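Peer 1: Now for the letters of each chain:
Protein chains: 4
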Amino acid sequence: MFPAWMDFMIKTVSELGRSYIRRPDHKHTAKSVNLLCQSLLTRRGEASGVALAKDIVDAYSEMDNDCKIQFLEMIASDFGPDNDSVAKAAQAYLNNPCYDSIKGLSKALKSSRVDLIEMLNFAPGGIEVIIQMRELVLQELKQSKKLLPLEVDLLPLLSAWFNRGFLEFRQITWNSPATVLEQVVNHEAVHEIKSWKDLQRRLGKDRNCFTFFHPALHQQPLIFVQVAYTKGIPRKIGPILAQENGELKTKADSAIFYSISNAQPGLKGISFGNFLIKQVVDHISKEMPEIKIFSTLSPIPRFVNWLQNDYLKRSHTLFTEDEWKLLLKPDWYLDEQIRSQLKDKLILSCAHYLTSEKKDNQPYDPVARFHLRNGAKIENINWEGDLSENGLHQSAGIMVNYKYTPSQIVTNHEAYINQGVIRYSSKIKKILE
Amino acid sequence: MFPAWMDFMIKTVSELGRSYIRRPDHKHTAKSVNLLCQSLLTRRGEASGVALAKDIVDAYSEMDNDCKIQFLEMIASDFGPDNDSVAKAAQAYLNNPCYDSIKGLSKALKSSRVDLIEMLNFAPGGIEVIIQMRELVLQELKQSKKLLPLEVDLLPLLSAWFNRGFLEFRQITWNSPATVLEQVVNHEAVHEIKSWKDLQRRLGKDRNCFTFFHPALHQQPLIFVQVAYTKGIPRKIGPILAQENGELKTKADSAIFYSISNAQPGLKGISFGNFLIKQVVDHISKEMPEIKIFSTLSPIPRFVNWLQNDYLKRSHTLFTEDEWKLLLKPDWYLDEQIRSQLKDKLILSCAHYLTSEKKDNQPYDPVARFHLRNGAKIENINWEGDLSENGLHQSAGIMVNYKYTPSQIVTNHEAYINQGVIRYSSKIKKILE
Amino acid sequence: MFPAWMDFMIKTVSELGRSYIRRPDHKHTAKSVNLLCQSLLTRRGEASGVALAKDIVDAYSEMDNDCKIQFLEMIASDFGPDNDSVAKAAQAYLNNPCYDSIKGLSKALKSSRVDLIEMLNFAPGGIEVIIQMRELVLQELKQSKKLLPLEVDLLPLLSAWFNRGFLEFRQITWNSPATVLEQVVNHEAVHEIKSWKDLQRRLGKDRNCFTFFHPALHQQPLIFVQVAYTKGIPRKIGPILAQENGELKTKADSAIFYSISNAQPGLKGISFGNFLIKQVVDHISKEMPEIKIFSTLSPIPRFVNWLQNDYLKRSHTLFTEDEWKLLLKPDWYLDEQIRSQLKDKLILSCAHYLTSEKKDNQPYDPVARFHLRNGAKIENINWEGDLSENGLHQSAGIMVNYKYTPSQIVTNHEAYINQGVIRYSSKIKKILE
Amino acid sequence: MFPAWMDFMIKTVSELGRSYIRRPDHKHTAKSVNLLCQSLLTRRGEASGVALAKDIVDAYSEMDNDCKIQFLEMIASDFGPDNDSVAKAAQAYLNNPCYDSIKGLSKALKSSRVDLIEMLNFAPGGIEVIIQMRELVLQELKQSKKLLPLEVDLLPLLSAWFNRGFLEFRQITWNSPATVLEQVVNHEAVHEIKSWKDLQRRLGKDRNCFTFFHPALHQQPLIFVQVAYTKGIPRKIGPILAQENGELKTKADSAIFYSISNAQPGLKGISFGNFLIKQVVDHISKEMPEIKIFSTLSPIPRFVNWLQNDYLKRSHTLFTEDEWKLLLKPDWYLDEQIRSQLKDKLILSCAHYLTSEKKDNQPYDPVARFHLRNGAKIENINWEGDLSENGLHQSAGIMVNYKYTPSQIVTNHEAYINQGVIRYSSKIKKILE
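Which chain is which? The protein sequence lines are A, B, C and D, in order. If you're matching positions, the first sequence starts at 11 in our numbering and goes up one per residue. If you're matching positions, the second sequence starts at 11 in our numbering and goes up one per residue. If you're matching positions, the third sequence starts at 11 in our numbering and goes up one per residue. If you're matching positions, the fourth sequence starts at 11 in our numbering and goes up one per residue.
Hints are computed from structural coordinates only; laboratory data are not their basis. Here the structure is a predicted model, which is why all the values come from computation and not from measurement. Do not rely on the hints blindly, as some may be mistaken.
Put simply, identical chains are the same to the list, so a pair is met inside one copy or across any two.
[Said to hold, decoys possible] The list that follows gives simulated cross-link-like pairs (lysine to any residue, SDA-like), each with its CA atoms no further than 25 angstroms apart:
| no. | residue 1 | residue 2 |
| --- | --- | --- |
| 1 | K120 | N105 |
| 2 | K117 | I427 |
| 3 | K335 | Q318 |
| 4 | K204 | W184 |
| 5 | K117 | S169 |
| 6 | K120 | I427 |
| 7 | K207 | A226 |
| 8 | K98 | S121 |
| 9 | K120 | A102 |
| 10 | K156 | C108 |
| 11 | K246 | Y374 |
| 12 | K120 | L165 |
| 13 | K64 | K215 |
| 14 | K353 | G248 |
| 15 | K369 | A425 |
| 16 | K152 | T189 |
| 17 | K98 | D74 |
| 18 | K117 | M84 |
| 19 | K78 | K156 |
| 20 | K113 | K155 |
| 21 | K155 | K278 |
| 22 | K204 | Q101 |
| 23 | K204 | G214 |
| 24 | K113 | Q229 |
| 25 | K117 | N428 |
The task is simple: from the sequences and hints, build the whole structure.
Peer 2: Quick look at the structure:
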């Protein structure tokens, strides 16, 4: 059944004796898998690479969470660069800073962790497991720095592998495999997909769903953006999510990006999003020349939070003391009367929030940060754009349109990057005045 | 036609003024493309990455060879790591050899060349051009070291991208696209394919041709191995190459690898060969259980050369002085009489050559080196195995069978790697006695 | 937009004057489409066939049901063979019964309806519309014979087109397009699929779903059979339909066909079912040699109905008068006590029903008829096999296993066809004694 | 290995005794295969249809030509309609010409040959063999009428199966499988493809090759048309066939159909050609809007033959007696001097030949017949259009352009069909004056 070298390998490994302790249920321990990793990194790995990698990948997949973390911590501590070699190479460079000493330093710095991860990828399904490893690493990093060395090796390797040049731009439709659609349902992060009927609506004739796939990750979208074609830029999300059967309005002139979701938490930080948005704009421009306007209809995820926690704490003159009290009531945003009463000031403070409020010199709001950096401008602030519980909770029901004008994308992007300029429409300007 | 940001980019670049000198024929110069590369590496690149990368890749493709070399030399000299930063980081590490200073060193060492190559890959067809660049780099490196820094960055990146886990194992048949078959014809390195009819023979019913493809290199095999199914291990190449129509002999029990060729000179040194051989052995074992024997029928590319240049110069007692004179005649190997006369001694010296003659502690013969390292053993030395001009010229017509016995591949490989052991059959042993 | 000849055609047709009456909403009437059909059948059709066919197919698709029937009735009455020509040819044959007069008769008999249907198939989506037409024809034929001539032409043409040689045998999995899966849900006729989760269960690791597709009917299965792999032949449907996650039991030795459904009501009477069952038996035998037993777990759709309406009306001695009264109570089969009381006699009468009760010399029960004709034998009668409302209503909860033993399929089939023999197991024999 | 019913079948058949005589080499005879056919037509066929059909198809494929003809003759004589039944049904119709008697007649007339052919199609590869059978039938029909009954059944069945609605319109490129390209080389009927390089030229960037495929005939084009894109309508074939590398001239405004070939001799008479031409015109109009002119560059296959055999024999005044003598010299058309001397009169007689010379009320020239019927008009007569040996031999080197003007195709077609009108350009008119 097994290829000969794997049988051999397994035998050899099991001869490693006491240190190779499998649990009574014959499952691997973090330690026993670590030993397999060491085998993979020796010359033996060259002969039986694929088989050994498969063994490790399978063993990891069967571990429980604690065991996985224990294993990753071992990898993070055991397979780093050798301090002596690095020190020697660093000194050599300082003595003689030439190209050869640079090469020496690079070599000394390359951790065998990188080799190990590259070899794990040999296994069928290896890439999936590596991505799952990183997902766990990112989770753990919130509490402890132990796994940081692993993250430092994983990020550049995954960035190289998921280079935009290898990504396939595809459309998801009702003809796509159920496995793919299932993932769209599971990973939709903005407006929950409640049923397969709901999903079918989102793939209707007046819609499109675009994604990037990687050829080694079969049937697994990396990221997807949902587009609705409308007449003019819509200001409310309700009609877009409603389950009416949607014929493509022949007069549609706008493409609305109403949801962008990452489907691979283990690839966080390897940004495909900006490439995807641009590719979609290009694609639609070419295939549907009647579409002239590109805009989002976006949530403002942290507006209410900011309003209550940051803004109100600062001295300001916008809200009266009475209004202030209303805003401090729990769940005030669910009370239509309060909202109506404060409407103008909420809109104004939202405009202020989007255009001026920063953190680390970037827009405070993560969605604003993403689209402004990409070259969009703030087009509209939409009162009662999203009256869902979530919409009220996050932003008192307000939504934003970020508009992508093809001819301005680069200049907007550059002004944003170089001078921190945030572009907004005359309508926003009027609000702010 | 162009996306907006590309128009913008082109305008901007052309405003760079005098330094951006296009030749009268409006073709890019190495210098103007270098400027494009610098744009790609600035923040501007983020907005217009794909478009800019496409511009550079297209410009490079249109350059003549001299211009290409000039461009690559600029890349090799201009985009390296910054010496001051490296020095500072090296000193920081020596002062405090902790994980953070390791990170600092790694960051300082990463050349923007690597970023540049990664971004060139964004362009459609980028990967092909990068591989062509490396082909040229490897050629130039034979004369000059100028491009070494580029090679030092290209090799690990290409190795990561062409990780065995991303390669697709496929069969080439008469149903394959003509573009693919054309490349098999062009890259066959061992036994020339003289016509499409010749090719059709090699894809006949008693044959198989296996390859690795990479998903980003459409229709371009990376490497291919040609297999013939036979009764017993054949000792002559003639019947295998003959253009008779070949029905699969129902009694075939052996798979003979009679030709292995690399189809991507720009990926030299990124070894797929050993993975391919193993995958083919596994595949055939599973799909055709009646095949029990796996063997090559291989040339001995440097035997005659070694005999005349190395062996004869050393003191030895094998050939008499008269025989020696025969061997020094030009083209003696074409003379059947001479060959017959020396037959036994040629076979003996060939056995000696294959089993004992080394260079850098490895077998002198490159084909022997490849198969022995992979875990094969020397099975037969075949007199008059290849009477083609090339066969006579390289090895006085002698061929070798390297045999792959699945259950011995790992042990053979390990003995070879660790103790330099070269395994051979009792038949070879008898010759040597 | 339109090809020139279609513009011309439309103009010409609209010049046909008063008889060509479109309704105020510019939709076609049955009459106007009939005129288009006449155009298609003239020489004009040769030039603009595809375009005209598309026009007719589109017009038909937009009609309401009444209009469709009106149109089909016109086709059925207007495009038949010419009586005079047939009479002349019949006389000619009687005068001189040679090959030429046979040819003449054939020609005279061929209705232009057949030409018309063949030309409608030119249109993209034409085949779907033709199948829908036949579905309507079959419905109408239950009330009236008006459309019989159309059915007489449709059946042989569709039989030729859907020749088993053109059908593609495929597996439906969770990787299949949602459009395909949606149709499985919609057309499952035996055990309703209640949700996508329910569907996912039916496509689990211990299951298979096999179908025939026709290359011209993209994404539309013609028929599908659902298979569960079990240890031994199961006697109850409950566990098979239960929504537990199903790992393939490694010890499974049986393939159970627990549901066969036709997905194209418009192709009724063009039997794929027997071919599909045989293909599935062959496929599983080859791919899963550990599966030795092939059996159905089938409903007995008309047992209760027969018991109450046919059996009880006849004089018989099986049930006592008191028992008889119980059986005449409405919904007696829902009453567990009654069922228990009558258990042995119900099983016996069911065995009698399956093995002896006939209609037109065929088994009275349609499912029995299908499997026995196919070469199966009756293996088990399973008390409380299906306690769902439907199962109780149809068969007082009883189910049957029809067993397919590969080596006996042909003999069983022949005995059934030639002598009307119904094969059953010794267990059934014991019941009957 | 074999499914059970096939083993059974083979056993049964071999028990049929003496009449079932296999030859000493165990090959089937026409007679033994005929017996298999009879089995297929009995009820047994229902159970073991696919297996039996496969047996017959395989047996036929292994027969030599004489045996095949013998077998086809048996089919043609043995499986026709039953004379008594036909006579009875004909009389019944004459007595009462109603719908039921029509049905009765149809039923009596349907030969079991049709059933047989339909069942042969069940076998994998059955359709290929049926097409080969028809090819042989068509060949034999040139000498004898014996196989006519078979042809009379084959033609309508193949026409139904190869209905245009089932055909797939595809492009052949250098990316197509070698098997497909091989068939293009083998079946090119107008301008021989001399080498793979020649083929590559025909699939160059300024070319297209369009085909119809049938989904059941994998990798086998039915018909193909070769298109060259040019500036204006070319008048000579030489430059089009020349092996220069062809970049798509950016200024191309014309699509030239320079070769149309049928790739399935067994499907002769089932016309795809006119559909293909129209589809190509539509396709190019849509995909390459810069192409405004559609024209052929066509041979005149029978011009010289007609000139020598028909024209000259009739009294006429065009050629003087001396000229007449030149035309009667063998191979006069190879003599450039003769051609030059007669140039004007040859062109005039060619114009006359194309516009006026008829046979059965259709243009005498088969190529003219095809294009004029399709709705083209005669645009140019090109002196020295094809100086190849074949071109000189057929038409003294003259070629024609038939021009397809999308807006005139239908009117031209109708005028041709209804009134026999042949459209030609003013240039042709001038020649004729």
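Peer 1: Would you mind marking each hint as holding or not holding in the structure?
Peer 2: We went through each hint and held it up to the structure:
{"no.": "1", "hint": "K120 <-> N105", "in the structure": "both (21 angstroms within a copy, 20 angstroms between copies)"}
{"no.": "2", "hint": "K117 <-> I427", "in the structure": "between (35 angstroms within a copy, 22 angstroms between copies)"}
{"no.": "3", "hint": "K335 <-> Q318", "in the structure": "within (11 angstroms within a copy, 76 angstroms between copies)"}
{"no.": "4", "hint": "K204 <-> W184", "in the structure": "both (16 angstroms within a copy, 20 angstroms between copies)"}
{"no.": "5", "hint": "K117 <-> S169", "in the structure": "both (20 angstroms within a copy, 15 angstroms between copies)"}
{"no.": "6", "hint": "K120 <-> I427", "in the structure": "between (32 angstroms within a copy, 23 angstroms between copies)"}
{"no.": "7", "hint": "K207 <-> A226", "in the structure": "neither (30 angstroms within a copy, 27 angstroms between copies)"}
{"no.": "8", "hint": "K98 <-> S121", "in the structure": "both (16 angstroms within a copy, 21 angstroms between copies)"}
{"no.": "9", "hint": "K120 <-> A102", "in the structure": "both (17 angstroms within a copy, 18 angstroms between copies)"}
{"no.": "10", "hint": "K156 <-> C108", "in the structure": "between (35 angstroms within a copy, 13 angstroms between copies)"}
{"no.": "11", "hint": "K246 <-> Y374", "in the structure": "within (23 angstroms within a copy, 61 angstroms between copies)"}
{"no.": "12", "hint": "K120 <-> L165", "in the structure": "both (14 angstroms within a copy, 14 angstroms between copies)"}
{"no.": "13", "hint": "K64 <-> K215", "in the structure": "between (43 angstroms within a copy, 21 angstroms between copies)"}
{"no.": "14", "hint": "K353 <-> G248", "in the structure": "within (19 angstroms within a copy, 58 angstroms between copies)"}
{"no.": "15", "hint": "K369 <-> A425", "in the structure": "within (18 angstroms within a copy, 60 angstroms between copies)"}
{"no.": "16", "hint": "K152 <-> T189", "in the structure": "neither (31 angstroms within a copy, 42 angstroms between copies)"}
{"no.": "17", "hint": "K98 <-> D74", "in the structure": "neither (41 angstroms within a copy, 44 angstroms between copies)"}
{"no.": "18", "hint": "K117 <-> M84", "in the structure": "both (22 angstroms within a copy, 24 angstroms between copies)"}
{"no.": "19", "hint": "K78 <-> K156", "in the structure": "within (14 angstroms within a copy, 46 angstroms between copies)"}
{"no.": "20", "hint": "K113 <-> K155", "in the structure": "between (29 angstroms within a copy, 14 angstroms between copies)"}
{"no.": "21", "hint": "K155 <-> K278", "in the structure": "within (18 angstroms within a copy, 40 angstroms between copies)"}
{"no.": "22", "hint": "K204 <-> Q101", "in the structure": "neither (61 angstroms within a copy, 57 angstroms between copies)"}
{"no.": "23", "hint": "K204 <-> G214", "in the structure": "both (16 angstroms within a copy, 23 angstroms between copies)"}
{"no.": "24", "hint": "K113 <-> Q229", "in the structure": "neither (40 angstroms within a copy, 35 angstroms between copies)"}
{"no.": "25", "hint": "K117 <-> N428", "in the structure": "between (35 angstroms within a copy, 23 angstroms between copies)"}
Comparing the model with each numbered hint stated earlier shows that hints 7, 16, 17, 22 and 24 do not hold.
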